[in-house]
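In this note's numbering, the protein residues as written are 3 to 227.
Treat the hints with caution; some may be incorrect.
[Stated by the list, open to error] Restricting the straight-line Cα-Cα distance to at most 25 Å, the calculated cross-link-like pairs of lysine-lysine (BS3-like) are:
(1) K40 - K150
(2) K28 - K205
(3) K58 - K40
(4) K28 - K58
(5) K205 - K40
(6) K205 - K150
(7) K150 - K136
(8) K142 - K91
(9) K40 - K28
It is worth saying that the hints were derived from the structure and are not from the lab.
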Amino acid sequence: MRHYVEQRSREWFELRIGRVTSTRLKTVAHGTLAAQTKLLDEMQWEVDHREEAIDKSMEGFGYKTPASIKLGKEREDWLIARYQIIRQKQWGKPVKIDQPGFVVHPTIPEFASTPDWLLPDRSCEGKTRVDHTKHEFAIKRGLLPEDKDQVYCQMMTGGFALADYVSYCPDYPDLCARIVIVEVELDLIYSNFLYAELNRFLKHFRAGTRPTVPQGHSGVPNFFD
3 MRHYVEQRSR EWFELRIGRV TSTRLKTVAH GTLAAQTKLL DEMQWEVDHR EEAIDKSMEG
63 FGYKTPASIK LGKEREDWLI ARYQIIRQKQ WGKPVKIDQP GFVVHPTIPE FASTPDWLLP
123 DRSCEGKTRV DHTKHEFAIK RGLLPEDKDQ VYCQMMTGGF ALADYVSYCP DYPDLCARIV
183 IVEVELDLIY SNFLYAELNR FLKHFRAGTR PTVPQGHSGV PNFFD
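Modelling step: build the complete structure from the supplied sequences, incorporating the hints.
Okay, structure coming up:
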């Protein structure tokens, strides 16, 4: 389900309550037992204290926002317009942009994402860089590992098999390489892994339980209890 709300608005923060979004998916899939338990506690606290949770999120956003996110927000409209022009030239047809702001998985209501924009056949994530090293990685090798779960979260919640990962570095020395578009194809093996970890995590969230560590395997999460 697509919600047409402004990102980082009060309504947007409210929609995030009690849901696994891209940043949380990393903890669900790759985090330690302690991190996953902490996340379960945080999500339950949000549900129990909705208004306070929204207020804290809105208050914290202003002073915790990295420079790259602030720059990205300032140049978002320009980047989307430029991306649209590039893709229209490449594909030889009009490109329709949709910006819902928040997308909830059709069958898993606690799973959601915030894509920067959507096309009819793919999700799109734009990264405005202040770090040349990360932009060069995108140019040479494609999707940065640190952004993989975010892009997959958007594809999975939106029901897409494709995503465009757009890296933009406004002061990159090579003018022709300041924008790079990486087409990402959904890897079913990896998405199935994410779904499995997500479902095990949500089993505990819905039941109000916490994962345990089997004897002899201290520190290793066990979601099969």
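If you draw a straight line from the CA of K40 to the CA of K28, is it 25 Å or shorter? Roughly 13 Å between the alpha carbons, so the hint for K40 and K28 holds.
Against the 25 Å threshold, does the CA-CA distance of K150 and K136 hold or violate the hint? Since the Cα atoms of K150 and K136 sit roughly 14 Å apart, the hinted pair holds (cutoff 25 Å).
With the threshold set at 25 Å, check whether the alpha-carbon distance from K28 to K58 stays at or below it. At roughly 22 Å apart (the allowed maximum being 25 Å), K58 and K28 satisfy the hint.
Do the alpha carbons of K142 and K91 lie within 25 Å of each other, as the hint requires? This hinted pair holds, its Cα atoms lying about 22 Å apart.
Can the restraint linking K28 and K205 be considered satisfied, given a maximum Cα separation of 25 Å? holds, 17 Å
Take a quick look at whether K40 and K150 sit within 25 Å of each other, Cα to Cα. Measuring from Cα to Cα gives roughly 23 Å; hence the hint holds.
Given the hinted pair K58 and K40, is their alpha-carbon gap at most 25 Å? holds, 17 Å
Need the status of pair K205, K150: alpha-carbon distance at most 25 Å? Holds, because 24 Å separates the two Cα atoms, which is no more than 25 Å.
Taking only the CA atoms, is the gap from K205 to K40 under or equal to 25 Å? Roughly 15 Å between the alpha carbons, so the hint for K205 and K40 holds.
Taken one by one, the earlier hints all hold for this structure without exception.
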